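The sequence shown maps to residues 1 to 324 in the working numbering.
Calculated from the structure, these hints are not laboratory results. Do not take every clue at face value.
[To be verified] For lysine to aspartate or glutamate, the following EDC-like pairs were computed, each having C-alpha atoms within a straight-line distance of at most 20 angstroms:
{"no.": "1", "residue 1": "K169", "residue 2": "E234"}
{"no.": "2", "residue 1": "K60", "residue 2": "D172"}
{"no.": "3", "residue 1": "K169", "residue 2": "D57"}
Since this is a predicted model, take the numbers as computed values, not measurements.
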Amino acid sequence: MKNKSLQPYLWILISGFAFSWMITFAALASRGTNWQTVALARCVIPLATVALWAWWDGAKLIVWNSPILWMRSLAGSCSLVGTFYALSFMPPTEIFTITNIFPIWVALLSWPVLGRFPSGLVWLSILSSIVGVAVIQGGELRTGNYGVLIVVGVSLLSAIAMMGLNRLKHLDPRSVVVHFSATALVAALGSLFLFPMELPSEAFHWTHWAELLGVGLSASVGQYFLTRAFTTGEPARVSVASLSQFVFVLIFDVTLVGNALDWNKLWGIPLILGPTAWLMLQRVKTSSIAPSSVAGPPRDNEPSPAVAAELAICADSAVGGKSE
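Please put together the full structure from these sequences, using the hints given.
Printed below as a string of structure tokens:
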């Protein structure tokens, strides 16, 4: 692509398309095996393929001396385990919708990190998202099924993981993917012992092998391009473009997974994605106030102006861009 400023948006679209296939393959594979096995495939295949690619190119892999990388990998690993557990009892569209409240978590994190109390509009966004979750999962909550709370926790972990990505732009994206995949593999192995393995709904068939392979390969593509997009592009703008993944997930969920649309639950989707898109767009409008990064790779033990600005933008945008 000649216009390099558009590359991050192309990469996030490729990532969203690949991750939509991943979550679809995962939902299909879960019918023939337990969710822990699907999570293992999600970790092992990207780890092997991207590590081999990095070794072939002589790319430098980072293991210990990057606290920010560890924060991103640990938060992302817990998020991964929670997502694949949720896939065992929730449709992909509902999971994707609820996990996309992460910009609200970023706005709330501006309170303890920057000492800025969220504005009334941020609290209104939170209320709208809560109502949206209640519309989508209200029936399950009334029967005592609180599994949706795991997905809400996944969204918080996703916010923490995504906040760290932009500080890793000095690293090879493959190094970030390998570190995350290796950390997630340990978490997935731990889930085999920490959580009961439920019997699948159908006998394991060769097609399930193909679906597990599809989970890993699509995750490899999605993770690589996600990392490239967020480490090279403006996070606020890239986040807005990432919402396009919802269209892919919805289409695949209905046509391939076979989940029928519940029109009563559909009302909850705009209640969640609406505030999410609004917060993201406000961050785009005010992102010009973010201070420029100092030349050279940032040190992990120093405060990052970019991260502070990301939080400040979330907090300030809700009060009309006023900054202290």
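Taking the hints in turn, this is what the structure says about them:
1. Between the alpha carbons of K169 and E234 the distance comes to roughly 11 angstroms, so the proposed pair stays at or under 20 angstroms and holds.
2. Under the criterion of a C-alpha separation no larger than 20 angstroms, the hint pairing K60 with D172 is consistent with the structure, at around 7 angstroms.
3. Our distance criterion of 20 angstroms between C-alpha atoms is met by K169 and D57, whose separation comes to about 18 angstroms.
When each numbered hint is compared with the structure, no violation occurs for any of them.
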